[in-house]
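There are 4 protein chains.
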Amino acid sequence: MKYNKKELLKTKIEHIDIKKFNAIPLIDSFDRMAFQSRNLARSCKIYEKMLNDKDCVIILCLAGSLVSAGLKKIIIELIKNNMIDVIVSTGAIVVDQDFFEGLGFNHYKGFVSADDNQLRELMIDRIYDTFIDEKDLRVCDMTTKKIADSMKPGAYSSREFINKMGEYLEKNGKAESFVHEAYIKDIPIFCPAFSDSSAGFGLVFHQSEKRDKSIAIDSVKDFRELTEIKVNSKDTGLLMIGGGVPKNFVQDTVVAADILGVDAPMHKYAIQLTVADERDGALSGSTLKEANSWGKVDSGLEQMVYGEATVIFPLLASYAYHKKSWKNRKEKRFNKIFKEQS
Amino acid sequence: MKYNKKELLKTKIEHIDIKKFNAIPLIDSFDRMAFQSRNLARSCKIYEKMLNDKDCVIILCLAGSLVSAGLKKIIIELIKNNMIDVIVSTGAIVVDQDFFEGLGFNHYKGFVSADDNQLRELMIDRIYDTFIDEKDLRVCDMTTKKIADSMKPGAYSSREFINKMGEYLEKNGKAESFVHEAYIKDIPIFCPAFSDSSAGFGLVFHQSEKRDKSIAIDSVKDFRELTEIKVNSKDTGLLMIGGGVPKNFVQDTVVAADILGVDAPMHKYAIQLTVADERDGALSGSTLKEANSWGKVDSGLEQMVYGEATVIFPLLASYAYHKKSWKNRKEKRFNKIFKEQS
Amino acid sequence: MKYNKKELLKTKIEHIDIKKFNAIPLIDSFDRMAFQSRNLARSCKIYEKMLNDKDCVIILCLAGSLVSAGLKKIIIELIKNNMIDVIVSTGAIVVDQDFFEGLGFNHYKGFVSADDNQLRELMIDRIYDTFIDEKDLRVCDMTTKKIADSMKPGAYSSREFINKMGEYLEKNGKAESFVHEAYIKDIPIFCPAFSDSSAGFGLVFHQSEKRDKSIAIDSVKDFRELTEIKVNSKDTGLLMIGGGVPKNFVQDTVVAADILGVDAPMHKYAIQLTVADERDGALSGSTLKEANSWGKVDSGLEQMVYGEATVIFPLLASYAYHKKSWKNRKEKRFNKIFKEQS
Amino acid sequence: MKYNKKELLKTKIEHIDIKKFNAIPLIDSFDRMAFQSRNLARSCKIYEKMLNDKDCVIILCLAGSLVSAGLKKIIIELIKNNMIDVIVSTGAIVVDQDFFEGLGFNHYKGFVSADDNQLRELMIDRIYDTFIDEKDLRVCDMTTKKIADSMKPGAYSSREFINKMGEYLEKNGKAESFVHEAYIKDIPIFCPAFSDSSAGFGLVFHQSEKRDKSIAIDSVKDFRELTEIKVNSKDTGLLMIGGGVPKNFVQDTVVAADILGVDAPMHKYAIQLTVADERDGALSGSTLKEANSWGKVDSGLEQMVYGEATVIFPLLASYAYHKKSWKNRKEKRFNKIFKEQS
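Protein chains in written order, with the numbering used here: chain V, 121 to 462; chain R, 121 to 462; chain Z, 121 to 462; chain E, 121 to 462.
It is possible that part of the hints are untrue.
All copies of an identical chain are treated as equivalent in the list; a pair is satisfied when it fits inside any one copy or across any two copies.
Result set (DSS-like, lysine-lysine): computed pairs, CA atoms no more than 25 Å apart in a straight line [claimed, not checked]: (1) K165 - K139; (2) K130 - K409; (3) K174 - K139; (4) K169 - K229; (5) K291 - K266; (6) K305 - K444; (7) K330 - K272; (8) K125 - K169; (9) K229 - K291; (10) K132 - K409.
To be clear, the hints were calculated from the coordinates, so they are not data collected in a lab.
Can you build the whole structure from these sequences, using the hints too?
Shown next as structure tokens:
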């Protein structure tokens, strides 16, 4: 069967709106049940605790194809309503998916059984059951190059670069984007493996053109800045969607603070929604109790929930949104700390 | 830390009520997203199609610790509202969990990190994060013996025995039970591996006492009866929670019909909610497309959803309940066929 | 692409021979490593302990598509060399796969990406990457009917029927079969869900023809017989490949013995090779420590290994074979107990 | 139960030696079987093809806790025998685990059920069933700081820094290390998320002390260098252990080359050993066929094997080692390209 590109890129992925359904009764029922429903309910209660704890800075960690799957609006709501204060993410989510959509491009409903050879010929990229027009992605790559070209040569943290991306969307954005929303709310976004994204392509092109006058993305600076936030926060809570580098990176700030001579407490709260398990010893699925042995996550208020993010993240976010504890939270605007420094 | 039995068996598991929350807006959003949320939405639409198809007999397959986890009331609602016509289940769900609760016993909220040695000393059985008083289970075992003792010697299908259990609850029941509800609605319940349950204990005791005058559970008769239902149904749809023996057994009826010389169609619709995957070649995780090669499940209206039942079964059931297509469905009362035969 | 049946059923699955490679050095290395390699090594050492414990009866539990995948010869070697004393299995392994091959039929190397619609038209059944000629399977179904037809009416345990299948192969077998080998060695094989197999088809046909003069498969009798073996064994060890009904059934014998008034000890040793995990509360993936809370499996000498059976079962079996502890083991010939009774 | 630190850190993890057992007969048997054993055999054959293809540059990708689990010696053998030409890894494997051992420290056999609170008090870090003395890790952190302090200020690729680490071990090393071995053989090692490791701690300390005179780790430079290798290779093959950032990063080089105006072919061969699956749409478990739609991996000579690395990587590596095709391979010494440039 021959595909037609237009036919394949017809139905756009739409982002779920947590304001339009109230998960509180469901989660309250889950709390009286067992297995992952109860684990999910417990994680909702822990998130509630974080939101009510005035001393707690909340760090959202993102890994997996979350925005392409329709979860962008959730992240935007969390930002808008002061429900998180910092984001640590993979590059793909921030650049290839969110910034990409901010530029006006879309993800499309596809199907798993597609013939990948034919898709390639049509320049359509597949993520499980989702399609992307590769031509759009190339525009996204080149936009990051354009942003890099406009910057003063030097070593930047990914946070600084992503802030520039938000600024770019402020002027040129065509659709909702959490990068843009974070820019407005001065919320720092860190990508510890930033080159591993569409921005990597743009930056490689930038460096190969500008040579000595190019910018660099210094991941050590990222680590330094995130540690500074940790040091300046009385307590911290982690809301982790998936594992990967963001999970490891943010946990490590406790140790980094210690090395810098600051006695920072462990992360007081920690939630992870994941499909990974602990049995291969890899970090993505390692339990939060294991993290306690490393002195990174406190025990007692931590919870792993085993499930796929597109189903369970909306429930958790809707619960917390409708509980309205965020109404009493103050915005932190951590990006301002760094603005004042430079 | 020493446990105290009373302390450990304090908080009862409560069963979720799908009437109390409406999953339609959530599922409609999921349908426009990706990954398992969209798979779940698609399975909801297929279940809707089954309910609207007047020629379709709907078979519910149950595996895993569903009732102990708080999903009993869902199954009761599906029965009450003519949303299913036949049940195929593991013995543990039917006897150890549902009938057990019908006798007035409970499951309790426990925790995964419990010391299993101490639990054993206290006669507390653990299922992941749930506790059971083993003394209660022993009463359940003995009740099945009592039922067997009251029956005329001979070979019975599990369906016949479970019907007797429903009758027992009609007189002696102390709490809601889907075995009881199915008894009232003449819905057949099959357990192809019936001895592999609390009833097995009772029946072993029964046989060892009664010897020649005991009853037997003939699993061939089960297969014959279920095939008869298949043969008498124009079309069939499968709603499978978990895999295991029920999944295999119900799929096999198509072949069994064929062997009996009846040209029964493949199952027209099929949904499976599961955490298993296909990579070890075991049946529980085998795709429904694979079942198509066997001539068991038709292609086109089948869907696997990868997720844990306590989270996703309530969403699917609530969606179908609130769609109200069941209002036009007629009850099948298949148990009556067999009553008339005997 | 159109398939041709002959082309698709060209290359036979061949069964691995544990005598032809020595896994001892590999397992000894694994023992000094981590994660699943060390878990596998530990399970090998526990199996060794079972083989050296003169009071220990070893029960092999089988679930998943093991024989179609090339593991038949391993089971045969375990039987031949007195490395196991009892088998509890799913019906599919015993009838559709092993007995099927004993009749001279084969499984074929296939591929996952096959078009299942076309396979169905060609009467080819697929198990992941393996093909079966459905015509051969139908012969297998009918052979079980023939065996049933030849038996005196009455209620039989699956063990008795499978013993008859072994007898049939003794006369008519065309290829190696563990059902046949167990027949020779008087090793009982139990299938608690026996109808859920190719034999189910034959038996349904048998009963629909013979009506009052037919045989029944009484799964309670299975449970009673297996419990009798448990009661007659000083100690027991479980070697479980996969989970499902066999795992539950064999564990339950401890409780069944208790109910019959016999104070049987818990299973002293227990190994499970599985891909399932505990997070959905289902039995297949429940930990052996959880089984300890139920008083079924002793703690200390139990081990779960997370891995796929085709890779890790050959390593475990080869290790035990080459260690040669089985040379001092005596055969138990449990089938003789039951012969004498009847 | 109170632990004693000395008791807990008693038994060192030992690294498996693929020269000491020959996996060829096992893999040849696996090739005639099904499921993951056959997938593993197929991946071995593909790796063989890579080794025999004179135009093929082989890139090893590493993610997960591989060295702490006893797989270090395998990587060293692959380097020594010209079986790989480039390494892309997580920072933890390179710094916290391999370089750490090169400094003379060890990983220890631990256990999963350890009390993590007590471990933390004893400064023992746990990875599933493995223990680490946190004091040793701190020395490792500080050693990376010392190396950074000794370098000329500027922006470096992780490859350059890791080369310095190899140089450090050349003088000060106390035990085998693949970082050291790669240094000797001029094999480039890339860590796209380098700060996410013990080196991150050292570098944060370094930057906070040296401020303007510090070094930066420019991950764009990594991407540029790896792309340069891709561009300079006629064909490429990927041997991926785990997923994560290394998998994504190395696949992206095809696109990066394209953006730089070079028409580089897709990766011709690709193998991934992983426990992840595709169902959550995350990259770690995405199929290699999906990568084909992106134009990154060619179809035909790609294979996913689902299994845990400690069990299956030794089998694959031993097979390839004993096949001896590497004897005809020439060393590539890619680090020399970059030396000549600078």
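To see whether the hints hold, each was checked on the structure:
For a Cα distance limit of 25 Å, the shortest separation of K165 from K139 qualifies both inside one copy, at 19 Å, and across copies, at 23 Å. In this assembly of identical chains, the alpha carbons of K130 and K409 lie at most 25 Å apart only when taken from different copies (23 Å versus 45 Å within one copy). Proximity of K174 and K139 under a CA criterion of 25 Å is satisfied intra-copy only: 24 Å inside one chain copy versus 37 Å between copies. For a Cα distance limit of 25 Å, the shortest separation of K169 from K229 across copies, 21 Å, qualifies, whereas the shortest one inside one copy, 37 Å, does not.
In this assembly of identical chains, K291 and K266 lie within 25 Å of each other by CA distance solely inside one copy; the values are 14 Å within and 44 Å between copies. Taking the shortest Cα distances, K305 and K444 sit within 25 Å of each other inside one copy (19 Å), while across copies they are farther apart (44 Å). Proximity of K330 to K272 under the C-alpha cut-off of 25 Å is found in both arrangements, the shortest distances being 11 Å within a copy and 22 Å between copies. For a Cα distance limit of 25 Å, the shortest separation of K125 from K169 qualifies neither inside one copy, at 48 Å, nor across copies, at 30 Å.
In this homomeric assembly, K229 and K291 never come within 25 Å of each other (Cα to Cα): the closest approach is 29 Å inside a single copy and 54 Å across copies. In this homomeric assembly, K132 and K409 come within 25 Å of each other (Cα to Cα) only across copies, at 23 Å, whereas the closest approach inside a single copy is 40 Å.
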